[in-house]
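Given only the sequences and the hints, what does the whole structure look like? Please build it.
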Amino acid sequence: MVNKKGFTLIELLAVIVILGIILIIAIPSISAAILKSRKNAYVDTANQLVDAVRIAALSNPTILPTNNINNHHLTFVKLSAIKLEKGSKEKSPFGNTYSSNSVIRIDFSDEYNYEICLVDEKGNGIDSLTEIKSIDTSHVKVGGEDCSNIEQLIIGTPSLCSNNRCLIISEPSELYGE
452 MVNKKGFTLI ELLAVIVILG IILIIAIPSI SAAILKSRKN AYVDTANQLV
502 DAVRIAALSN PTILPTNNIN NHHLTFVKLS AIKLEKGSKE KSPFGNTYSS
552 NSVIRIDFSD EYNYEICLVD EKGNGIDSLT EIKSIDTSHV KVGGEDCSNI
602 EQLIIGTPSL CSNNRCLIIS EPSELYGE
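Residue numbering for the sequence shown follows our numbering, beginning at 452 and increasing consecutively.
Since the hints were derived computationally from the structure, they do not count as laboratory data.
All figures in this text were calculated on a predicted structure; none of them were measured in a lab.
Keep in mind that a hint or two might mislead.
[Claimed, not checked] Calculated pairs, DSBU-like style, for lysine-lysine (alpha carbon to alpha carbon, straight line, at most 35 Å): (1) Lys-592 / Lys-573; (2) Lys-487 / Lys-456; (3) Lys-534 / Lys-487; (4) Lys-573 / Lys-487; (5) Lys-534 / Lys-455.
Next comes the structure, spelled out in structure tokens:
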């Protein structure tokens, strides 16, 4: 009797088919898990940016809006004005640079309300002003818009920002009172 060691072609094909089926099942669930973690990272980043603005407002309360007729009613803080650790606001969780139109809006009625529009250059992220209290992963869009509608709201709405009713902060020195 001859001792034949090895696998037959049928056995090899069966293993390849089984591995293919496992990959077909695994890849979509892994992709979904990666997308979910990126959306969670976006929500965490939005919260960190708003917290940075809140902390800046503690040392420079003049940036906060009031209902006083002589003061501004809204504050818009551009992403470029916020100081964070080096590299922490360079790239989004999707690996793209954040849009220059990303903005945090502070308004005041009975309390201070913080809203954020945070997208990257590919339109991934929170593409409309969303109150930070209610933000979750359902607000993070993949391939949405780029907050340019917010920029037009700031610049193009005379009734909203007329007579110095809006404070637009685009430099760190304006935010931190340096």
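Hint by hint, here is what the structure shows:
1. Lys-592 / Lys-573: holds, 11 Å
2. Lys-487 / Lys-456: At roughly 47 Å apart (the allowed maximum being 35 Å), Lys-456 and Lys-487 break the hint.
3. Lys-534 / Lys-487: holds, 27 Å
4. Lys-573 / Lys-487: holds, 18 Å
5. Lys-534 / Lys-455: Not OK: Lys-534 and Lys-455 at ~70 Å, beyond 35 Å, violated.
Comparing the model with each earlier hint shows violations of hints 2, 5; every other hint is respected.
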